[in-house]
Amino acid sequence: MLVPRDTKTSWGGGFPLRTVEPESAGSASIYDEAAQKIANVLRAAEENSVELLASAREDARMIRDQAGREAQEARAQLAAEVAERRSESELVRAEANRYAEEQRLTAAREAQQTQAEVEAEVRLLRESGEELQRYFLEASAVIARLLGEDKPELEKQLLAEVREIGHVAPPKAG
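Residue numbers (the working numbering): 1129 to 1302.
Simulated from the structure, these hints should not be mistaken for laboratory data. Quantities reported herein were computed from a predicted structural model and do not represent experimental measurements. Hints may be right or wrong, so weigh each one.
Claimed, not checked - With beta-carbon atoms standing in for the labels, derived distance ranges: (1) 1270 <-> 1240: 22 to 32 Å; (2) 1176 <-> 1202: 34 to 44 Å; (3) 1212 <-> 1248: 12 to 22 Å; (4) 1251 <-> 1291: 11 to 21 Å; (5) 1227 <-> 1194: 25 to 35 Å; (6) 1212 <-> 1192: 48 to 58 Å; (7) 1248 <-> 1273: 30 to 40 Å; (8) 1189 <-> 1167: 16 to 26 Å.
Beta carbons: idealized from backbone N, C-alpha and C, even for Gly.
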């Protein structure tokens, strides 16, 4: 609530300003003592505020130092965890490379074995085909003698039949 300003007061707070006239020497000393007490209280408050400020600064420094130590510990722990993960990653990578190399070698061996088997089967089929061709040629010669036909014409027919048989179902190796 605002109090209307009183123009009779020197500070304008709405209350009349009293002036105290010392009536005696004793009453002046009471005011001096009160002023001294107020000055002592103000000095003590100032000293307390300086001490509190110094204490707050010291607390802030200690908190900052503690936070720095904790941050350094956290960085060290993080670096250790990163190194551990990196080590684990390298182990996994090495294991994967070893497995891939084993798979590559196994596939190469299987491919070599398959190629050798295919080559052997091709050789066997070729030999079987050549043998069949000889038998048919011999058979055609025998048939030609028996029938009295032209040998080259009979050979052509038999070779055509051999080729046709060779394309349809090659003989199995036993």
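Each hint, compared with the structure:
The supplied range of 22 to 32 Å is broken by residue 1270 and residue 1240, whose beta-carbon atoms lie about 45 Å from each other. At about 38 Å, the beta-carbon gap between residue 1176 and residue 1202 stays in the expected band of 34 to 44 Å. Separation of residue 1212 from residue 1248 is about 54 Å and departs from the stated range, judged on CB atoms against 12 to 22 Å. Under the hint 11 to 21 Å, the C-beta atoms of residue 1251 and residue 1291, about 19 Å apart, fit the expected range.
As the Cβ distance of residue 1227 to residue 1194 is approximately 49 Å, the hint placing it in 25 to 35 Å is violated. Separated by about 30 Å at the C-beta atoms, residue 1212 and residue 1192 break the suggested range of 48 to 58 Å. Checked against the hint of 30 to 40 Å, the C-beta distance between residue 1248 and residue 1273 comes to roughly 37 Å, which is consistent with it. Checked against the given bound of 16 to 26 Å, the beta carbons of residue 1189 and residue 1167, roughly 33 Å apart, lie outside it.
Violated hints, listed in ascending order, are 1, 3, 5, 6 and 8; each of the other numbered hints is respected by the structure.
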